[in-house]
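As given, the protein sequences belong to chains A and B, one line each in that order.
Here the working numbering is used: the first residue of the first sequence is 1, the next is one more, and so on.
Here the working numbering is used: the first residue of the second sequence is 1, the next is one more, and so on.
By construction, these hints were calculated from the structure, which means they are not laboratory data.
On a predicted model such as this, the values are computed, not experimentally measured, just so you know.
A hint or two may mislead.
Ranges of calculated distance between the beta carbons of each label pair, as one might list FRET restraints [claimed, not checked]:
no.	chain 1	residue 1	chain 2	residue 2	range
1	A	239	B	45	29 to 37 Å
2	B	46	A	200	37 to 45 Å
3	A	105	B	209	26 to 34 Å
4	A	16	B	162	35 to 43 Å
Note that the Cβ used here is the ideal one computed from N, Cα and C, for glycine as well.
Residues per chain are reported as follows:
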Amino acid sequence: MWSFFHKLGSPPWLYAISGVILRWLLPLTLLALAVGMAWGVLFTSPDFRQGNSYRIIYIHVPAAVVALAGYYLMAIAGAINLIWRMKMADVAMKAAAPVGAAFTFIALFTGAVWGKPTWGTWWVWDARITSMLILLFLYLGVVALYEAFDNKEAAGKACAVLSLVGMVNIPIIYKSVDWWYSLHQPASIKFTGDSTIDSSMLYPLQLMIAAFYALFTCCLLLNMRAELLQREARSQWVRKLASAVETP
Amino acid sequence: MSVPGTWQFCVRLVRRQLLLAVRRPIEIGNPLLFFAMVVALFPLGLGPAPQMLGGFAPGVLWITALLSNLLTSDSVFRSDYDDGSLEQLLLAPQPLYWSVLAYIGAHWLTTGLLLAMVAPIFALMLNLPLAALGTLVTSLLLGTAVLSLLGGIGAALTVGLKRGGMLISLLILPLYMPVLIFGSAAVQAAVSGFPAGPYLATLGAMLCLAIALAPLAAAAGLRISIDA
Numbered sequence: 001m002w003s004f005f006h007k008l009g010s011p012p013w014l015y016a017i018s019g020v021i022l023r024w025l026l027p028l029t030l031l032a033l034a035v036g037m038a039w040g041v042l043f044t045s046p047d048f049r050q051g052n053s054y055r056i057i058y059i060h061v062p063a064a065v066v067a068l069a070g071y072y073l074m075a076i077a078g079a080i081n082l083i084w085r086m087k088m089a090d091v092a093m094k095a096a097a098p099v100g101a102a103f104t105f106i107a108l109f110t111g112a113v114w115g116k117p118t119w120g121t122w123w124v125w126d127a128r129i130t131s132m133l134i135l136l137f138l139y140l141g142v143v144a145l146y147e148a149f150d151n152k153e154a155a156g157k158a159c160a161v162l163s164l165v166g167m168v169n170i171p172i173i174y175k176s177v178d179w180w181y182s183l184h185q186p187a188s189i190k191f192t193g194d195s196t197i198d199s200s201m202l203y204p205l206q207l208m209i210a211a212f213y214a215l216f217t218c219c220l221l222l223n224m225r226a227e228l229l230q231r232e233a234r235s236q237w238v239r240k241l242a243s244a245v246e247t248p
Numbered sequence: 001m002s003v004p005g006t007w008q009f010c011v012r013l014v015r016r017q018l019l020l021a022v023r024r025p026i027e028i029g030n031p032l033l034f035f036a037m038v039v040a041l042f043p044l045g046l047g048p049a050p051q052m053l054g055g056f057a058p059g060v061l062w063i064t065a066l067l068s069n070l071l072t073s074d075s076v077f078r079s080d081y082d083d084g085s086l087e088q089l090l091l092a093p094q095p096l097y098w099s100v101l102a103y104i105g106a107h108w109l110t111t112g113l114l115l116a117m118v119a120p121i122f123a124l125m126l127n128l129p130l131a132a133l134g135t136l137v138t139s140l141l142l143g144t145a146v147l148s149l150l151g152g153i154g155a156a157l158t159v160g161l162k163r164g165g166m167l168i169s170l171l172i173l174p175l176y177m178p179v180l181i182f183g184s185a186a187v188q189a190a191v192s193g194f195p196a197g198p199y200l201a202t203l204g205a206m207l208c209l210a211i212a213l214a215p216l217a218a219a220a221g222l223r224i225s226i227d228a
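Starting from the given sequences, assemble the full structure and let the hints guide the process.
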């Protein structure tokens with residue numbers, strides 16, 4: 001177990017293993033996304049009140065769920081970097097910030113597109129929506145702080161502290177629809193008790209949530225690999241890789 | 001030479017910061033002037049109708065207080081970083097948590113406390129009902145303390161950067177937002193005749209949490225900035 005933990009600290013090993021994971025995970029993710037989209041869009045019945053516009057939940061809900069989970073991942077990776085000085089955790093944290101920001105943006109954008117026909121407005125200053133906007137700013141703050149430092153080791157630590165502080169906001173975002181009376185509906189999918197969504201709509205949604213988690217993982221790993229190559233550009237193993245590409 | 005105890009050390013730090021502020025009164029006056037100027041902008045921008053201004057007053061006062069706090073939080077550690085005394089502070093035997101809390105406390109005494117004191121004057125100019133003045137002052141007293149603590153984190157993380165000023169607003173404004181929501185909601189409730197207690201209690205809870213945790217984060221940020 002410990003040797004696995006130590007191996008995680010080695011850039012060439014991480015680069016190799018992430019390549020193997022991606023070779024399987026990427027096709028699977030694309031397949032799951034395609035199946036989930038087709039199932040959700042073509043083979044479920046329209047909602048009796050919203051008609052067909054509700055189908056955007058197959059993108060909106062998974063993106064929002066993964067955007068929140070991604071923040072935890074970023075903050076925990078930052079904490080691991082602070083506590084155990086693991087360089088690869090720093091790589092993961094740096095790679096997670098822009099990906100998380102993109103997922104947050106997708107959730108906000110699809111919400112606006114759905115809100116126009118349903119609520120009659122693109123945007124309301126409602127607890128859930130505002131707090132998701134704050135989440136976007138938190139992600140962007142981490143990206144901006146990382147770029148501002150010349151010393152990248154200090155940048156990683158400073159961003160870790162910032163993302164840990166920002167973690168206070170995540171439960172607030174998650175619970176905002178229950179704590180405040182808001183236009184955004186409360187959660188329909190519950191881990192305990194009955195979900196308030198019909199199972200014919202629930203199953204494709206669950207598939208899409210799983211697919212979005214996988215998509216986040218793929219984006220994160222791809223981003224991490226790019227970051228690894230950039231950081232280790234002068235090292236032996238990257239040069240070997242590069243020369244292998246140049247002379248096939 | 002005897003080493004001062006932690007309490008004594010913190011008292012000296014606060015006294016030193018206050019003395020520095022008093023020697024340069026413009027440093028104290030600037031945020032207050034900024035507060036006055038920005039408050040004056042709203043009637044010009046929104047129109048001087050008293051009814052409408054009264055409705056906007058809680059939000060206007062709170063946003064202005066937040067901005068003037070934001071403007072000053074960049075300077076909490078800046079001059080001590082520049083002249084190197086911050087490094088001595090990190091080497092001192094006293095726990096950094098308490099020294100950071102002393103810095104932030106001094107910052108609050110010279111900004112938030114004074115803002116809360118002068119806010120009623122501007123509240124009356126904006127036609128805020130008299131009944132809400134007490135809530136306004138209480139919410140500002142509690143809220144600006146939270147803002148100063150959060151601003152301390154941002155200041156500690158960016159103190160080593162040359163262009164920290166713009167960045168700090170991006171870092172800490174998202175964290176300021178919950179304080180703004182509850183602060184202005186408290187005043188709004190007092191204006192409409194609802195009890196403001198729950199909002200003030202939430203602000204107090206935020207303050208407790210911030211006192212416990214924010215200096216830790218700020219201390220970690222200072223160590224990172226000094227190492228960089």
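Hints, verified against the model:
1. A:239 to B:45: 29 to 37 Å: Roughly 60 Å apart at Cβ, these two residues miss the hinted range, so it is violated.
2. B:46 to A:200: 37 to 45 Å: With a Cβ separation near 51 Å, residue 46 of chain B and residue 200 of chain A fall outside 37 to 45 Å, so the hint is violated.
3. A:105 to B:209: 26 to 34 Å: 29 Å, holds
4. A:16 to B:162: 35 to 43 Å: 39 Å, holds
Hint compliance for this structure: hints 1, 2 are broken, all remaining hints hold.
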